[in-house]
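Colleague: Each chain, letter by letter, is given below.
Number of protein chains: 2
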Amino acid sequence: MADTEPPKDPQQPEGEAAGPSKNELKKRAKEAEKERKRQERLAKEAEQAKAKAAADVDYSAQRYGKLPLNQSKEREGRPRIQISSLTPSQEGQTVFFRARVTASRAQGSKMVFFNLRQKTDSIQALVVVSPEKVSKQMVKWAGTIPDESIVLVEGTVQLPLEEVKSASIGNVEILISQLFIVSSPESRLPFSIEDASRPEAEFEKEDTQFARVNLDTRLDNRIVDLRTQTNQAIFKLQSAVTDLFSSFLRAKGFTEIHTPKLQGAATESGASVFPVSYFKGQAFLAQSPQLAKQMCIAADFERVFEVGPVFRAENANTHRHLTEFMGLDLEMAFEEHYHEVLELIDEMLKSIFRGLKESYSKEIEWIGRQFPADEFKWLDETLKLAYADAIKLLVDDGVEIGPLDDINTENEKRLGRIVKAKYDTDYFIVDKFPLELRPFYTMPDATNPILSNSYDFFMRGEEILSGAQRIHEPALLIEKMREKGIEPESMKDYVDAFRLGCPPHAGGGIGLERVIMLFLKLNNIRRASLFPRDPKRLQP
Amino acid sequence: MADTEPPKDPQQPEGEAAGPSKNELKKRAKEAEKERKRQERLAKEAEQAKAKAAADVDYSAQRYGKLPLNQSKEREGRPRIQISSLTPSQEGQTVFFRARVTASRAQGSKMVFFNLRQKTDSIQALVVVSPEKVSKQMVKWAGTIPDESIVLVEGTVQLPLEEVKSASIGNVEILISQLFIVSSPESRLPFSIEDASRPEAEFEKEDTQFARVNLDTRLDNRIVDLRTQTNQAIFKLQSAVTDLFSSFLRAKGFTEIHTPKLQGAATESGASVFPVSYFKGQAFLAQSPQLAKQMCIAADFERVFEVGPVFRAENANTHRHLTEFMGLDLEMAFEEHYHEVLELIDEMLKSIFRGLKESYSKEIEWIGRQFPADEFKWLDETLKLAYADAIKLLVDDGVEIGPLDDINTENEKRLGRIVKAKYDTDYFIVDKFPLELRPFYTMPDATNPILSNSYDFFMRGEEILSGAQRIHEPALLIEKMREKGIEPESMKDYVDAFRLGCPPHAGGGIGLERVIMLFLKLNNIRRASLFPRDPKRLQP
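For the record, the sequence lines run as chains V and X. Throughout the first sequence, residue numbering follows the UniProt record's numbering, covering 1 to 540 in sequence. Throughout the second sequence, residue numbering follows the UniProt record's numbering, covering 1 to 540 in sequence.
Don't read these hints as lab results, they were simulated from the structure. Hints are supplied without guarantee of correctness; some may be wrong.
Claimed, not checked - Okay, the calculated bits of chain V under chain X, using three or more residues with CB under 8 Å as the criterion:
(1) 196 to 206
(2) 255 to 261
(3) 281 to 294
(4) 345 to 352
(5) 401 to 413
(6) 469 to 475
(7) 492 to 504
Bear in mind the structure is a predicted one, so any value in this text is a computation, not a measurement. Ideal Cβ placement from N, Cα and C applies to all residues, glycine included.
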């Protein structure tokens, strides 16, 4: 700082005897004052130049910037953390991690706030100018980092002044000391993660300020869409469902099988199949592992399950149909009664519901913020309705429907609502379907040939599993094929399998995406599929 | 029994005084003798009739026979056992179970031996005539049960006179008290389970008496073929491999994904694809989840794996190619160096080998009886060869091959033999392949642009996993696509995914059937696939 006390005039000769005139004195005083100001200005300028020079030396230069393309040149092995592991007890510790920038906001020229995330977790981080560590230049640069960049961060764990509402981790934040870009988007994002994460209800408010990101836009730009906390959570649950399904069945002595999706002949009539050019001939995509898994039972596997794609060439453009979806299939020889299988499937589904609820409550809550849903409910002792009872519930509710009529989608949902009101459950079983409504391989009831040993399982009034005892004797199978207009010769391998002796068996097939959609009430099956396929969508 | 003492003549009048003539006496004696014989014959016939009547009452009638078609009419809930659970300590206990008849053999008219099996396990059972329990009729009927029938058995656990060599359970046998047919073959078997189970070596002996069941016959009749102990064991192991794979990766924070097999455009050039008629347009079957799993990395999944079918329209008729096989795929964002991924894959594979060896030693031994194999060996610290080192080993062994040449199948096997001799391992890694030999998405080495950050894993001299660090920057990716003659616009969704920012990542894909084939040395990949598909086979 320039001194405010005027300096002694250095030009005043010491020891001069003769006194100057008044005018001369005035003039001298004026000049002295002038000189003082000049000196003052010079000092100021020098100071500024010095300050400027000091500032230009960016003491943070090594602490930020864009990293070169990682070609695995070096391996330092410095430990990196998952932000989900951070707790307030780590206050003051230095941590190092890679994360995605959801958003950033500069506050003046000395501070930038970041929302950083790893999969479903997010945390607040700050870059603040500080001597020797974080330069103005670094802060300025930090403010230019595009959203959705991947950054490598070194920082100190600190406690925020108040709970951070905008991050999933609210009780700690990161004071950044190093900040590098690993990768950043080169094109404008089709929509922001924040917009993609808003509850549907937000868009429906009259005075909404937000542009809705509609489902098609999301699916066209699925890579960005999948990065939302909601989607990260949905697919964590999807992964958990197959794990819970497999683990339960393995523990019950089931063998996992993989049956071919390429079939020499169309499997099961009814549902349409996709033809495939197979070298000089033709093949078809399997509509289900139905025939193959039953053949495994004839081959003494006793209990099998398969997790695999299922293809349906049905031109159905609804909220719950896909042309390719994941089938969770199982088939099981039983000893006395197909209810052994029905009960095992029931236990299996409840173990999935329990597993999701116990281990993923946080994820379910997060998803619920975007797609509000009343909690999925089930009973310890599952409600089992005979088909006739289900019809009666509908009739009592005013639906005009005969005892052997098919229950259509609308009435299924209505049945779901009736059951929910009466029994307080979102999950139930309907058993003993009319034979007429089921595929040719369904075993007729032992005493009433109008009925069959078949069942559907429902979640929130939509079918998620269809199954039955199958016919294991070739003569009856052939009879039933002919009744349904299927030429037994067209499924020779299948029919022949039963000519070689086969135990009584039953099974079922679950649509993975439907379980996820209905458990979470996502309202559209496409939200439960990574890259959904429907009659109009083959990309991405 | 007829009395042997001749009876008193009843016709001799008592108290007669006059003596008969000599002739008369002779005549009388003759007649008496005649009468005695007649009586004797009558008594015998009555005795026989009585015995016959006694025998016709079949006191076992309720203890055997063919059961009616099981339509789940009743549910008694009588506990049934698995024969694998039986031990000599259960001697004298009554057990009840369902099993398949592998073979039966009558010994005289009073005894029939059975070999009964459940999946991989088999046991000896006997039906022996015994008062009140097992009638002659029952034994006779038992002798007529066709092989491969499914029977329901009640019997008593007993200790055999000597270890039963022909069954997997040698220290106990079953004395049958009830025997029912649940289902039996209606047509002649194409081959017997015993023939299908013989070691290949048996057929190769000069004086062999056995007809070899060749692979095509087996595959044409796969349902019977799959019933052998060997095949039951093979597919138990196949199921275990996916479980070990998934469990290891889940424990390391991986998410299981399911990516679509129906693709709007051909994925990856090179390998040919199967075209599919998709409504009015066309689709293609995915040759691998390569592009989709990388897109999941761009979508922040960080670590993903997929177990799913992979389709290759290559007209390759070899021992190790299928047109549809199971891919065990994984992809992982890494922090510093692709070796993080290579090391994780290495640990994963070793955990699979360990898991098989520890939990399935019995099954491995059984399979080895039919397909002899030296035990699969690996090192605690896996051998990692640079490609250049692998080439050097071959050159030192006399192979003419340049440093950047492809190692063909024959030389791969040779390399396997060299490594086995030198390092005593059936498992090793080759790293740093020449870039030229790898797909367009492979990351070049940081310092030597001729090489790449890519690797293959080998089992018994055959590649089972191919993987690499991938290019995660669009500019370089496009450059490399063009170099390989691929129009980037044809994979727009894929390239665009990287425009949105993507962490460095690496991964790999394993062929499930190859792992099984090579671990067990089955010599043909079709033996490791339930219903194999090749250019000439789409059935069963």
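Colleague: All hints are to be evaluated individually against the structure, with a verdict given for each.
Modeller: Checked hints:
1. Check result for the region 196 to 206 of chain V against chain X: violated, 0 residues qualifying (beta carbon to beta carbon below 8 Å, three or more required).
2. Coverage of the region 255 to 261 of chain V by chain X holds [criterion: at least 3 residues with CB-CB distance below 8 Å; count 7].
3. Using a Cβ-Cβ cut-off of 8 Å, 4 residues of the region 281 to 294 of chain V lie near chain X, which meets the minimum of three, so the contact claim holds.
4. Under the rule that three or more residues need a Cβ within less than 8 Å of chain X, the assignment of the region 345 to 352 of chain V is violated, with 0 such residues.
5. With a threshold of 8 Å between beta carbons, the proposed coverage of the region 401 to 413 of chain V by chain X is violated, since 0 of its residues qualify and at least three are required.
6. Only residues whose C-beta sits within less than 8 Å of a C-beta in chain X count toward coverage, and the region 469 to 475 of chain V has 4 of them, enough to reach three; the restraint holds.
7. For the region 492 to 504 of chain V, the stated coverage by chain X is satisfied: 10 residues place a CB nearer than 8 Å to a CB of that chain, which reaches the threshold of 3.
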